[in-house]
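> The lines below spell out each chain.
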Amino acid sequence: MTIDAATVRKVARLARIAQPEETVEQLARELSGIMDWIEQLGEVDTDGVEPMTSAVHVPMPMRDDVITEGGDPEVVLSNSPKRVGNFFVVPKVVE
Amino acid sequence: MSDLTSLTLKAALDGLAAKSFSSVEITQAHVEAVEAARALNAYVLETPEKALEMAKASDARRAAGTAGPLEGAPLGIKDLFCTEGVRSTAGSKIIGDFKPTYESTVTSNLWRDGAVMLGKLNMDEFAMGSSNETSAWGPVVNPWRTKGGNAQLTPGGSSGGSASAVAAELCLGATATDTGGSIRQPASFTGTVGIKPTYGRCSRWGIVAFASSLDQAGPMARTVEDTAILLSSMAGHDPKDSTSLPVETPDFASFVGKSVKGLRIGVPKEYRVDGMPAEIDALWEQGIAWLKDAGCEIVEVSLPHTKYALPAYYIVAPAEASSNLARYDGMRYGLRADGANLTDTYERSRAAGFGAEVKRRIMIGTYVLSAGYYDAYYLKALKVRRRIADDFDQAWEKVDALLTPTAPSAAFQLGDKSDDPVAMYLNDIFTVTVNLAGLPGMSVPAGLDASGLPLGLQLIGRALDEGTLFSLGGAIEKAANFRAKPQKWW
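Heads up: the protein sequence lines correspond to chains A and B, in order. Be aware that the first sequence starts at 109, since it is given in this note's numbering, and climbs by one per residue. Be aware that the second sequence starts at 10, since it is given in this note's numbering, and climbs by one per residue.
Accuracy of the hints is not assured; some may be wrong.
Said to hold, decoys possible - Stretches of chain A that chain B covers, calculated by requiring three or more beta carbons in the stretch to come under 8 Å of a beta carbon on chain B:
| no. | region |
| --- | --- |
| 1 | 151 to 159 |
| 2 | 166 to 180 |
| 3 | 191 to 202 |
Hints in this document: simulated from the structure, not taken from any laboratory. Note that the structure is predicted; figures quoted are calculated from it, not measured. Where a beta carbon is used, it is the ideal one built from N, C-alpha and C, also for glycine.
For reference, chain B alone in the conformation it holds in the complex:
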């Protein structure tokens, strides 16, 4: 039934509504596809029984005339989301066999709207990574390969399982999260669409925290419209998250296909970085031309503090992480390694449970917050963060949205950058500014490079203006007519 797995979410919802097939049928097709694709390591936990049970219940609701907006659609869930009674590990050994006794708000919203869960998706440990190689469950493999090559490529990170599963048609769409680029960079590496909404659009309640002032959930799917449908379900005010915005959630899908004529699109000159492949620059020019053809006005803008975004991020995010991850002490849940006394038990548990990258970031965070360094590093970074947000505010006086590349390269080989933390961090050079400023950002597949790997373009919008991004993303999608799919080898 591979035809059912290759449908877009929209087409699947239409097919379910027309009773062309049932949720049980399309769920079964996905369960089989997931089982056949274990070589990708996209799922860390398959939940086929739960999926079929949810699908049956969904078919019953549809028969009773109470179908929700996502009724019967099988989705994958990033393992950062707590799912009641279903093991949730955040890609870490330290959480062990943790089975949450509650459901995250975002996933609750999806189930409320009728969606079906296929399982939990692999990710970098605590969402810290850009290649999925920091996962305690081993790296995810990108379904894409270079033309004629068979080297294993990264799907990006941290939402690598989500990206790989969407690209390989192992779900109709997936949840993901983005703290510095973890939705958009994997989307770019796998030819999929991903949007990080405005900070506060989606509740963080029940999502394992990495850096709370930056973390935001968002969807990944194969079309702009599919991500719009998913985001309308995922988003919404939640009193259980004090940073959740008390605003109405628009019908985002209604923005897809809207004319973008007359919109002013900014092209930030600071995003032309040294050493960027010519193909990415050319694709960016192509994107500018597409939007011009669609009636947009192109304006060069300056975001002068762009180069300081990554170093500021690598203070702010580790500082928040060192505080958030202090809770993993082996006392109430998760891994405990017994020691000679309480402190020794803490230290052994955390040494055994955290991976190398997570330890590095906890150490950096602890260092920059420690006595004597707080002002020099942490406070300084918060001030630079303000400068970066101000850059965007000034741009919004002249333009309605920004167009940039999503990532400075196409997918690279697993193992290529794992020895050099700073080289790995540079993956997020174009995406991290958006998290610091709390803005919405979307990656749309725009073309293939010479070796046949997908490349994405990023759209950045004003706070709470995801609608404009969906219209622009739709325009780029239409112009790019990106139809390529990975050749099945798994």
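Chain A extracted, bound-state conformation:
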């Protein structure tokens, strides 16, 4: 198994997804199955190959650093799960 239960717990924490303990073994098996299948990439000789980070062959366009939109809190907040006035209400970040 490429991915054991401890790794599943660690990665779930990094991904911020609560993973009930009773599902960890099953998920470890599933993810290992996928990773074992992916391992075949090791067969490809990639020495000296430049990684391909984009499918577009044009340089990244630049624009002026100016505000193009904004100043409309109603639009920004219209889908918020909780709000007070013009603020999002979120759980306490600093104890």
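With chain A held as given, fit chain B onto it using these hints.
Just chain B now, with coordinates in the frame of chain A:
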């Protein structure tokens, strides 16, 4: 008014221009067809009032002499596209009841050209799936059934709602998106035409992101010409997407019907995979024969890294997805499940909001990007991706386009592959290479298998050479003379 729903987009636009019927009439006919077809679960949101309002406005524009290229045509929109004031969920519970305050560029372009929206189409959650079974709204059912059978088949995925709606005549055409095959595989499973254009042809702005270096929007419709008409409206440079290509959009429909004489068509030997049904192989041979008859020269080519495309994709796409989907934290919009503290709230919200397949892919993506694994997996996959793109570049020295099957099977039964992620991933074996290389790919219906289900052939072209694909697709469509329609049972 079923006669109005069975028109091609082109015929409908001609009929509207000739004032044989109004946009309100053809829209009403579609609204009724959509309501009568809820058993297919193709639409996750019907917007009949908006549709009729848009149709009325369209009729007024036509009367005023300001008709656009899609004036009055009712379309379906995949739920991955943000539509202003209209719930957009990407097939996920985590987005909840999200009503965008903006319109995606692609749909804005359609409305600019006069089109009418019938509603939002079902899809795999965040476009992650090949059978539409990962949708929070339940699977879409394929209008096609096997001869004499009544088992429910998948329309494919992730654009299953788009495919099913087009095949069942619940819209004249639909928007869709394709990250690994999500336009072409459903097109093949439903006897419809779908094209994923060159990466950068259509703006990604306002489309919920899955894997940003692979995602591309494209049309699905019932004829090659109809997809060409739609793509000319959907495409175009957009400064709001930094990967949108600053190029002119051709009149793609002008390429349909053009002679394909003298074109060199590559047949990649690596696409003859073990276990592929003989019927698909035979159909491929048939396609080769059709193009030969049309004057094409057939050339065997080699794309040696083909077998590594899917494993590379299942690193690159989840890695990008894990980053893109980090934004769903329950703070500013979407589902929030309150926990003991901030981290607990994040973890509960994401556990409650994401489905199993999306969680799997976020986990894979997080794993391959995590400390100690980045070089071994992510960087390796990017290098393999370069090898795959180089394979195509070498092929383009010898040929103008490639012909392959679209998918390794016909539509399968809902539930058949949902327990085995890797078996499901193999659906995209012939389509995913195209996304990795950023090339255009089209699926054209070419025939029925012995059980009466449609099968498609895929055409792959050089970057920005969709025109050649429309000419070749038109030639295959003409030769195949595919007229079969699903028997109405819904």
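> Within the region 191 to 202 of chain A, is the number of residues with a Cβ closer than 8 Å to a Cβ of chain B three or more?
It holds, with 5 qualifying residues against the three required.
> Examine the region 151 to 159 of chain A: at least three residues should have C-beta closer than 8 Å to a C-beta of chain B.
holds (count 6)
> Taking a Cβ-Cβ distance under 8 Å as contact, does the region 166 to 180 of chain A have three or more residues in contact with chain B?
holds (count 4)
Going down the numbered hints, you'll see the structure goes against none, and every one checks out.
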